[in-house]
Structures are given as C-alpha cells and as structure tokens.
Amino acid sequence: MNDSSLLSFARGYCLSCGERLQTSWTYNNLFAWRAAHLCDTCTGQLPTITGPACPECSAPEHVEVCADCLSWRRRSEDVRWVKNVSLFHYDDWMQAWTARWKFRGDAVMAAAFYYGLRRAYRQHFRGFVPVPVPLAPLRMQERRFNQAEVLAAGLKVPYVLALERPEREGGKQSKQTKRERLQTVRGFTVPAPEIISGRNVLIIDDIYTTGATVRESAQVLEAAGAASTASLTLIRA
Amino acid sequence: MTAPVGMLLGGDFWVWGIIWLCFGAGWIMLRRFGIFAAGAALMLLFAGSSWYWMEHNDSFFEGTETEITGTVASPLTYDGGRARFDLRTDQGEMVPVTWWFDTEEELQQSKNLLPGEQCRWNGEMKEPSAAGNPGGFSYQTYLYWEKMHWLFTVENSQDVECFARSTGAVDNLERLRAREMQRIERFFPEQAGGLAGSLLFGDRASMTGEVEEAYRSLGLVHVLVVSGMHVAIVSGAVFFLLKRIGVTKERSYTVVLCLLPVYAVLTGGAPSVLRAALAAGFFIGWQKWGPRGRRLDPVIILLTVMGAMLILNPGYLFHIGFQLSFLLSAHLLLCRKRMAAAGKWGNMVWVAGSSMLVSLPVILWSFYQFSLWNVLINFLFAPILLFLVLPFLFLNYLLSFVIASPPEIFSLVFSGIDWMHELFIHLAGMSWSTVRLGKPGLIFTAVYAAGCTVFVTAWNKNVRKTTMYLSAAVMLAAAVWQWTAPYTDGRGRVTYLDVGQGDSTVIELPYRQGVVVVDGGGQVSFNDEEWKEQEEPFDPGEAVVAEYLKYRGIRKLDTVVATHGDADHVNGLKYVVEQVPTDELWYGRSAQYEAGEQELLAAFDEHTDIRLVEGGESYRIGDVSFYVLHPRGGATRF
Numbered sequence: 000m001n002d003s004s005l006l007s008f009a010r011g012y013c014l015s016c017g018e019r020l021q022t023s024w025t026y027n028n029l030f031a032w033r034a035a036h037l038c039d040t041c042t043g044q045l046p047t048i049t050g051p052a053c054p055e056c057s058a059p060e061h062v063e064v065c066a067d068c069l070s071w072r073r074r075s076e077d078v079r080w081v082k083n084v085s086l087f088h089y090d091d092w093m094q095a096w097t098a099r100w101k102f103r104g105d106a107v108m109a110a111a112f113y114y115g116l117r118r119a120y121r122q123h124f125r126g127f128v129p130v131p132v133p134l135a136p137l138r139m140q141e142r143r144f145n146q147a148e149v150l151a152a153g154l155k156v157p158y159v160l161a162l163e164r165p166e167r168e169g170g171k172q173s174k175q176t177k178r179e180r181l182q183t184v185r186g187f188t189v190p191a192p193e194i195i196s197g198r199n200v201l202i203i204d205d206i207y208t209t210g211a212t213v214r215e216s217a218q219v220l221e222a223a224g225a226a227s228t229a230s231l232t233l234i235r236a
Numbered sequence: 000m001t002a003p004v005g006m007l008l009g010g011d012f013w014v015w016g017i018i019w020l021c022f023g024a025g026w027i028m029l030r031r032f033g034i035f036a037a038g039a040a041l042m043l044l045f046a047g048s049s050w051y052w053m054e055h056n057d058s059f060f061e062g063t064e065t066e067i068t069g070t071v072a073s074p075l076t077y078d079g080g081r082a083r084f085d086l087r088t089d090q091g092e093m094v095p096v097t098w099w100f101d102t103e104e105e106l107q108q109s110k111n112l113l114p115g116e117q118c119r120w121n122g123e124m125k126e127p128s129a130a131g132n133p134g135g136f137s138y139q140t141y142l143y144w145e146k147m148h149w150l151f152t153v154e155n156s157q158d159v160e161c162f163a164r165s166t167g168a169v170d171n172l173e174r175l176r177a178r179e180m181q182r183i184e185r186f187f188p189e190q191a192g193g194l195a196g197s198l199l200f201g202d203r204a205s206m207t208g209e210v211e212e213a214y215r216s217l218g219l220v221h222v223l224v225v226s227g228m229h230v231a232i233v234s235g236a237v238f239f240l241l242k243r244i245g246v247t248k249e250r251s252y253t254v255v256l257c258l259l260p261v262y263a264v265l266t267g268g269a270p271s272v273l274r275a276a277l278a279a280g281f282f283i284g285w286q287k288w289g290p291r292g293r294r295l296d297p298v299i300i301l302l303t304v305m306g307a308m309l310i311l312n313p314g315y316l317f318h319i320g321f322q323l324s325f326l327l328s329a330h331l332l333l334c335r336k337r338m339a340a341a342g343k344w345g346n347m348v349w350v351a352g353s354s355m356l357v358s359l360p361v362i363l364w365s366f367y368q369f370s371l372w373n374v375l376i377n378f379l380f381a382p383i384l385l386f387l388v389l390p391f392l393f394l395n396y397l398l399s400f401v402i403a404s405p406p407e408i409f410s411l412v413f414s415g416i417d418w419m420h421e422l423f424i425h426l427a428g429m430s431w432s433t434v435r436l437g438k439p440g441l442i443f444t445a446v447y448a449a450g451c452t453v454f455v456t457a458w459n460k461n462v463r464k465t466t467m468y469l470s471a472a473v474m475l476a477a478a479v480w481q482w483t484a485p486y487t488d489g490r491g492r493v494t495y496l497d498v499g500q501g502d503s504t505v506i507e508l509p510y511r512q513g514v515v516v517v518d519g520g521g522q523v524s525f526n527d528e529e530w531k532e533q534e535e536p537f538d539p540g541e542a543v544v545a546e547y548l549k550y551r552g553i554r555k556l557d558t559v560v561a562t563h564g565d566a567d568h569v570n571g572l573k574y575v576v577e578q579v580p581t582d583e584l585w586y587g588r589s590a591q592y593e594a595g596e597q598e599l600l601a602a603f604d605e606h607t608d609i610r611l612v613e614g615g616e617s618y619r620i621g622d623v624s625f626y627v628l629h630p631r632g633g634a635t636r637f
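Chains as they are written, first to last, in numbering that gives the first Met the number 0: chain D, 0 to 236; chain Y, 0 to 637.
Just so you know, not all the hints are guaranteed correct.
As the list claims (entries may be wrong) - Every beta carbon over 12 Å from chain Y, so not counted as near; a handful from chain D, in silico:
| id | residue |
| --- | --- |
| 1 | V62 |
| 2 | D67 |
| 3 | L69 |
| 4 | S75 |
| 5 | K82 |
| 6 | A95 |
| 7 | G126 |
| 8 | L181 |
| 9 | G186 |
| 10 | N199 |
To be verified - With a Cα cut of at most 35 Å, we get these calculated DSBU-like pairs of lysine-lysine:
| id | chain 1 | residue 1 | chain 2 | residue 2 |
| --- | --- | --- | --- | --- |
| 11 | D | K82 | Y | K464 |
| 12 | D | K82 | D | K177 |
| 13 | Y | K464 | Y | K531 |
| 14 | D | K155 | Y | K242 |
| 15 | Y | K573 | Y | K531 |
| 16 | Y | K460 | D | K101 |
| 17 | Y | K438 | Y | K460 |
| 18 | Y | K242 | Y | K343 |
| 19 | D | K155 | D | K177 |
| 20 | D | K155 | D | K101 |
| 21 | Y | K460 | D | K82 |
| 22 | Y | K336 | Y | K464 |
| 23 | D | K155 | Y | K336 |
| 24 | Y | K460 | Y | K146 |
| 25 | Y | K146 | Y | K464 |
| 26 | D | K174 | D | K155 |
| 27 | Y | K573 | D | K155 |
| 28 | Y | K125 | Y | K438 |
Treat the hints as calculated values from the structure; they're not laboratory data. Keep in mind it's a predicted model, so treat the numbers as computed, not measured. Glycine included, every Cβ here is placed at the ideal spot set by N, Cα and C.
Work out the full structure, taking the sequences as your base and the hints as a guide.
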C-alpha cells in the first residue's frame, strides 16, 4: 500500500474538511517533523480517548476491567490475550469520517491517524508483529482496499498478512445485532503458521465494537502458535 | 555547503551563528515545501548579505582629521561638563561625538543645538578602545556593529560653527524627540522623569545609572524598553479614534501604516521598537493587500521581520536587546495557547516564569549571572509598571502641554516611584540573591538552551511529566557542574587587569581555595565645579575588576590587598568590596594615617574587616603562603 503519492496532492489541505491548513505555531508542533494532516478545527473535534478507560479494551469511562472484557475472559480460549488499545470513541464525527473513509473509498484519509497509531504501537506494543484483519474476497473486490491493512501499513513496521478469510455468509457486520455478531463464525485460517509461531502478534483493525472479530482472530492465531495476542484499533465503539 | 561559505567569510565565529540561525528559521518556516533547499538558499542569502555588509562597513576617515562637518543625528545627552551625541557626515557615516564645555553658559547654550543642525567642529579623532581584559567589553567591536569606527572629541567648546539646518523627515522627528525629552526633564521629578524618558521616548540615558543597573540585574530591563506593548497600545488608540470619527477600516489601516515609522523614530529606533513596528506593519499590510482569508501566523511574521532586520544589518545579531526581544516574543507567541488555557493568574505566573527560563541562556552568556528575584519581581512589578505607571506617566506628559508642573496630588505617586526604585536597588544589592555562575562557554550554553527548550515544550504539551523533570534535572546538573567546576580545577590563575593607571591583579588559587585581589585602579577625582561633576564617572573597579570577577564566577573574595593609599590604586576597590563579599582587606601598618587614608579605611571598614600588615609577616590562604615585604617597621611608605 503506497499512499505517499496520493498524499502529495492533499498536502497543505485538511484531509477531513479540505480547508487549507493554517496551523498556528506553538511549542506543540514546533519540533514535530511530520506535517499536519488535519486542520486545528478538525483536530479539536476528534473524539480522542483521554480519561480513564478499560485497561483491557480501551472502553471509555471505565477504571477497572469492564463487564464486556470479564465476560470474554469467561468465554474465550485466547488465554494469552494482552489487551486492545484504541485511539478514538465512536461519535457522530467519527461515524461520518468512517463512512467516507471506508464505504466511499477515501482511503488516503487514514494518513491523518498514522502518527497516533505509531505512537500507540511504540508505547504499548513494541516488538509485536502487526497482522491486519483480512476482508472477505468479495468485499475486497467491492472496496478495492482493506482498511485494516491501510492502518497496519501506517505503522511503518513490517506487517504480516497471516490471516485469511473465506467468503462471508451473512451480510455486513455493521448491519448485524450484537448477538448475531457474537454467533457468527468468520472462519479465519492461518495458512502459514510458521511466520507467527512463537511471536507476539498485534491484530490491527479499524473498529472494536463487540470485540468478536478481534477475539476470534486472536483465538485462531494462538492456536497457530502465537506467543501472545493483542489488538490495536482506531476506534472503540 | 556551509563549509566553503564559512571559509569565504574568513571562518569567523559569528558567521556560524548566523548560519545556524538561518538554518533554524528556514527549517521552521519552510519545512513543508522542501526543507533543505529552502534552508540552504536562506543560508546563502544571509551569508551573502552579511558578507556584503562587512565589505562595506568602512570608514571615510583616516584618524588624523581635526575638523568634522555633519548633521546632529541624535539628541544631546549630558553628564557633568560634557555632552554626547551622534553626528552624521555627508557621506552618511555616523560618528559619536563627545563635547567638553568650559563654562556652564556654554553648556546651557548647547541645549539649543537640536538634531538636524549642520555644523563644523574642531577636535580630534580617537579610536574606540578594544577589550583590554578577558571577558571585558569591547567598545570597538560594539561600535563596529553599529557601523561606527571613530570617536570625535571636542575639547574647546567654542569650536563650533553651525551654518544650516537639515529638513529631512527623520531629522525633523529627531528634533521633535529631543524637544520632548527636554520637556520631560523639565516637567517631571528626577526618578519619574528618567522612567518617562525611557518608557515614552526610549531615552534610557535619562535614568540614573544605579537605577538602570538595578532594573538590569533584576531582569526587569525589558519593561524600560519601548516594544510591542507600546506599539499595540498606540495603534489600538489610533484605530479607536478613527473609528469614532467615522473613518473606514481600510483608511485607518493606511493611517496606522504611515504612523508606525514615525513612532519608531520618535521612540529612538531600538531593535525592540523596530521589531514591533515592522511586525505591526507587516500584519496590517497583509490584512490590506494579502490574499483574502489566508491568516498569517504571528510566528511567521516575527521570523520574517527578524530575517529582514538581519539582512539589512547583521550586526543586530550581537545586540543583546535584539536577541532578547526576538527570543521572548517568539516564546510568548509559541505558548499563547497554553497560556490561554492557564487562566488569569496562572497566565501571569506562566509569563514571568517561563520567560525567565527561556532568556536564561542568553542572560548567562552576556551577564554571567542572574537574580533569584527575577520571577517574583517580574510577576509583581512588570504589570504595575506597564499598566499603572506607564499610563500615569503618559497622562503627566499630556498635562505638561497645559501646565508648568505636575499637580500636587500626584506627588504621592512620584514618591511611590522613588520608593520602588529604592526597593529595586536594595534587592539588586543583596549579593546572596544573585546566582553568579560565570561565563558558561559554548557547551554549557548549548545544554542550558536545549534543556529549557525541551522543558518548555514538555510543559506546553502537558503530557510526559518525565521529560519535564528530566530536562529540569539536566539543567540543574549543568548549573551545579558549572558552579563547582573551579573547585575541581587544580590550576591556579593569576590575571593582570588593565585598569588604566597601574594594574589590578586577581589571584585564583588552585581548587578555588581562595581568591585574592591586589589593587583595583581608580579614577582620581579633581575637585571640580559642581556643574562639571559627572554623575557616573568611569570607575575601573566597577567596569573592569568587578566585571572580571563576574566573568570568572568569583562569588567571594578571601583577601583584598590595597598596596598603598593612592586613589589611582585603591579607589576602584571600594566598589569591589561593596559588591562582592570580602573576608578581609590588607593595608600597610603605620603609626599614623593621613586624612585621605583614614577616610578610605573607614569606607572599607563598612563592608569588610581590615587587617593591618607589616613586612616580614606571612599569611596562609589554602596551601599558599603570602609574604608581606613592605612596610618594614617605621620605614617610610610609598
């Protein structure tokens, strides 16, 4: 995935609202080598997760492990699970953003979050191998890019396409209820387990809603020999 | 790329300063569009312009001239029986002139000589003195960067012949400035007058030296400088008035644009005034003619103004006022968001504290020490001076057009100003409150600069407390290192200082076991008529010896030796003993002392213990013995 040529067209303009970037110089960005991708207004609207969050899944406004995670603990077999880290909540702004990015195919918008993702990676998951969650073949044909892979590429760490996914049976996940999602079996496979065996694996995805996708991936990866699993997702819904 | 340019310019150290500065500016301004190309281009531009500037920084004089013709270019400032001013020759070269008067009438008459007068003087050319002592001030270098090469002295006050008056706009403004400065001097009581002269017309010479020095050492001198604050207030007032009488916004922009250069000249044209006026002009010009809807970041304006000023006169780079003015403006702009978030009181603490921190590397580099009162004094008095005293003085200035002397009810405020200055002098005089580190050198300065930049950045981001603590720890460690370095240095050091007549010797023992000063030079004071007495005669003790002690970071003297009682050997020691804590002073033992000696010993006795010594005695300081050779008992003294 190479989006630097694409980005050069967008340079100097906000990736979200298209306004010309007029960053105010402050100590905050004086020594930042990277160019800004979002204008000050849009940056101000980002629903960044700041306060206390569930230490296991980044669910906002939790101090201890949330009920969701506790139930996962009881249910699942991914015993070497570490945690999920997310950067943002899911609010209206983020929803509109995702719709444009994912469903209307504005793939380059992800560049706005590369820096944040890289920082989270360095802070929490140094040494982990990024593994993006795959798309089903038909969906991939339709969308032409895998959003999880775009995010993984942004980490600037070699990532591994370790997971594969058969053709989907049900409809889009975003159209399903929680129960349906939890019951769906995606049927992930690991075609070449030797690549990840004995290593710490970091699953990359765009959004963590119920955790079903990520947890199933983790389970499969552990079964294939991963030393431990964790996930880094852009959004915690 | 930088290397050939540097070599071309003779490998001068300051060239590298400029190059790094440009590189930094280029990086910050243009990193989004091809950093290196732009940075290199900017660097070449600066190197080229400074090379050109230096090539053309020559004098038209040979030094043998006994007559000089030109236009008075600055108001005359008086000290005792002499006046000083800048003269502009027909070729445009500036020459500082010192003019000695024989009688008081002639001195009074000279007050009619306002800027713009074209006259001819007889006198002699002198070369300005170079730095004679390590760490000392080089008047020659200072003047070189001001494009001045000679000093002209007029000994006979009648040797002047004026024949015309210039009608140039700048000369007319300077003449107005001189008149207004005289008006202030007549109208205000002394202390307030000095303050008004500085704050309203950028005339620092009207302040008494002691008070100015106190402002400087407390780190409050920036308040005395006409700067952005004043320009903002003045142009704000003009805008308001124009709006009131129904002038369109576009028109008022034009009016203010025309007024800015006038104001800059009227207030003396110091770098800080130029900075503020240029930045305001740039901003208004951008509003007027710039592309619609494109906001220009103030930091970019500031950097552009700095670049323009340096291209026109690279000498500004070494002007401490220029350095601090740009550094602090940039700093305050860079943390304006954080300050806005800090609330009113937090804001004030932030301004005082972080400004001091950021200016510290520059202050240490130039002054070798800083005052612990700095933050507190700035927090308390900077707002008082700017928001209460300045408007009060301005009101009085306006009143001076109407009445002959300030109203009686204001006398309380004037004595308040006197009292405040007394307090400043008192605080600045407390030697414990001054942290004297000595000249920091390149590496220490780099560590301080990097440390406080990292600290302030981390403070702004308000995340990663560890970075903050770490950078604070590094700075503190560097300061402790610098403080203790002399105590670990096994080499002793003996320095002979050039104090004019005779010399002064500073002996630093190995591992700083002790410091001894032998003699301090001194000016012989002739009993002159009162009008001729200088307010601040040159004192080598202050200008040379005490300055060298600062430079070396010497905080305490073990012994000061006064070899004999002649004024040109010991007068300078008075200031030294007064300013630097001194354990004892040695003086030759004698059965009886002359009146002058008794006076001198009494003066010393106020600040230190006096030990009378005699030939044959020896004293140990650390591992070193000092032998007294003279006077032998009953022998005649020098």
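Open item on the list: Checking one constraint from the list: CA of K573(Y) to CA of K155(D), max 35 Å. Satisfied?
Closed with: violated (69 Å)
Task: Restraint check for K155(D) with K336(Y), where alpha carbons must lie at most 35 Å apart - done: The given pair, whose Cα atoms are some 32 Å apart, holds under the 35 Å limit.
Open item on the list: Next pair to validate is K460(Y) with K101(D); report whether the Cα-Cα distance is within 35 Å.
Closed with: Distance of about 32 Å is within 35 Å: holds.
Open item on the list: Would the non-interface assignment of L181(D) survive a Cβ cutoff of 12 Å against chain Y?
Closed with: holds (37 Å)
- [ ] Given the hint that K82(D) pairs with K177(D), test it: the Cα-Cα distance must not exceed 35 Å.
- [x] Given pair K82(D), K177(D) holds - Cα atoms ~21 Å apart, limit 35 Å.
- [ ] For the pair supplied as a hint, K464(Y) and K531(Y), confirm whether the alpha-carbon distance does not exceed 35 Å.
- [x] Distance ~61 Å between K464(Y) and K531(Y) Cα, so the pair is violated.
Open item on the list: Run the distance test for K174(D) versus K155(D): straight-line Cα separation, threshold 35 Å.
Closed with: Distance of about 32 Å is within 35 Å: holds.
Task: Agreement of K242(Y) and K343(Y) with the hint, judged by alpha carbon distance not exceeding 35 Å - done: Cα-Cα ~29 Å, so holds.
Task: Distance restraint between K155(D) and K242(Y), which requires alpha-carbon spacing of 35 Å or less - done: violated (56 Å)
TODO: Would you assess whether D67(D), listed as outside the interface, keeps its beta-carbon beyond 12 Å of every beta-carbon in chain Y?
DONE: Non-interface label on D67(D) holds, nearest chain Y Cβ at 28 Å vs cutoff 12 Å.
- [ ] Compare the distance between the alpha carbons of K573(Y) and K531(Y) with 35 Å, and conclude whether the hinted pair is satisfied.
- [x] Holds: K573(Y) and K531(Y) sit about 23 Å apart, inside 35 Å.
Open item on the list: For K438(Y) and K460(Y), compute the direct alpha-carbon distance and say whether it is at most 35 Å.
Closed with: holds (32 Å)
Figure legend: structure checked against the earlier numbered hints; hints not met, in rising order: 13, 14, 24, 25 and 27.
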